[in-house]
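Asks: One line per chain: the protein sequences are X and Y, in this order. The opening residue of the first sequence carries number 1 in the numbering used here; numbering runs sequentially from there. The opening residue of the second sequence carries number 1001 in the numbering used here; numbering runs sequentially from there.
Possibly wrong hints are sitting among the right ones.
[Stated by the list, open to error] Chain Y is faced by these chain X residues, among others (derived, beta-carbon under 10 Å):
hint, residue
1, Ala2
2, Ser9
3, Lys41
4, Leu46
5, Glu59
6, Gly113
7, Gly115
[What the hints assert, rightly or not] Sample of chain Y residues facing chain X (criterion: CB under 10 Å; computed from the structure):
hint, residue
8, Gly1043
9, Val1046
10, Ala1093
11, Ser1095
12, Leu1106
13, Phe1108
14, Leu1113
[To be verified] In silico BS3-like links for lysine-lysine, alpha-carbon gap of 25 Å or less:
hint, chain 1, residue 1, chain 2, residue 2
15, Y, Lys1105, X, Lys55
16, Y, Lys1105, X, Lys66
17, Y, Lys1070, Y, Lys1003
Note that these hints are calculated values from the structure, not bench results. Since the model is a prediction, treat every value here as computed from it, not as a measurement. Ideal Cβ placement from N, Cα and C applies to all residues, glycine included.
Chain by chain, the residues run as shown.
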Amino acid sequence: GAVVSQHPSWVICKSGTSVKIECRSLDFQATTMFWYRQFPKQSLMLMATSNEGSKATYEQGVEKDKFLINHASLTLSTLTVTSAHPEDSSFYICSADGQGGLAGGLGETQYFGPGTRLLVL
Amino acid sequence: AQKVTQAQTEISVVEKEDVTLDCVYETRDTTYYLFWYKQPPSGELVFLIRRNSFDEQNEISGRYSWNFQKSTSSFNFTITASQVVDSAVYFCALSEAGSGGSNYKLTFGKGTLLTVNP
Chain X
1 GAVVSQHPSW VICKSGTSVK IECRSLDFQA TTMFWYRQFP KQSLMLMATS NEGSKATYEQ
61 GVEKDKFLIN HASLTLSTLT VTSAHPEDSS FYICSADGQG GLAGGLGETQ YFGPGTRLLV
121 L
Chain Y
1001 AQKVTQAQTE ISVVEKEDVT LDCVYETRDT TYYLFWYKQP PSGELVFLIR RNSFDEQNEI
1061 SGRYSWNFQK STSSFNFTIT ASQVVDSAVY FCALSEAGSG GSNYKLTFGK GTLLTVNP
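The task is simple: from the sequences and hints, build the whole structure.
Replies: Spelled out as structure tokens, the structure:
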């Protein structure tokens, strides 16, 4: 249980293009999903918190117009990097709050997807 | 503000040695959760354990054990008889309980890179 998938697992794109990353909770419903980015040999940095059916809450310093987040259902959130630039190259990881739907004390625990490696040329 | 400190940046051990990864946290909340995650080279974060602030019982799961001490604000992780497959970055994290358990945020430590050599 508590499986989160991400697609694509890696993507290479040209500067100026937009890239969409999907995050899905496969066997549970996730009211809340989170998006992180991680630079090499560094810790995870929270970018935004995404609640189903409402606008995402962005962390300070994260451009909401550049990183568009949509959480249209209880099992899917998407992150779109608009007009990507080389400095946006990073490892993007989503997580889902396991509070909804499953027994066994999954609440208040974030389960992470496998991540998406983005390289902008 | 919450803070998690993992003072050990890198640890290298030989297979079968025991190793302890340290984690010290700061929070003003009385209710909070502590976590350990493993990040192997593939990048995926694997959930290992969650402990809430009211449960100071130590836990053992196979070769893994955790020592939670509120008096020293520490939540240390020990791997017994380490194996090469244990090589990974290990993150300690802290979250507030939040309202209804939702919209809480994880504060991560900087991680400890564990290398287990054969």
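Asks: Name the hints, by number, that the structure is in violation of.
Replies: none
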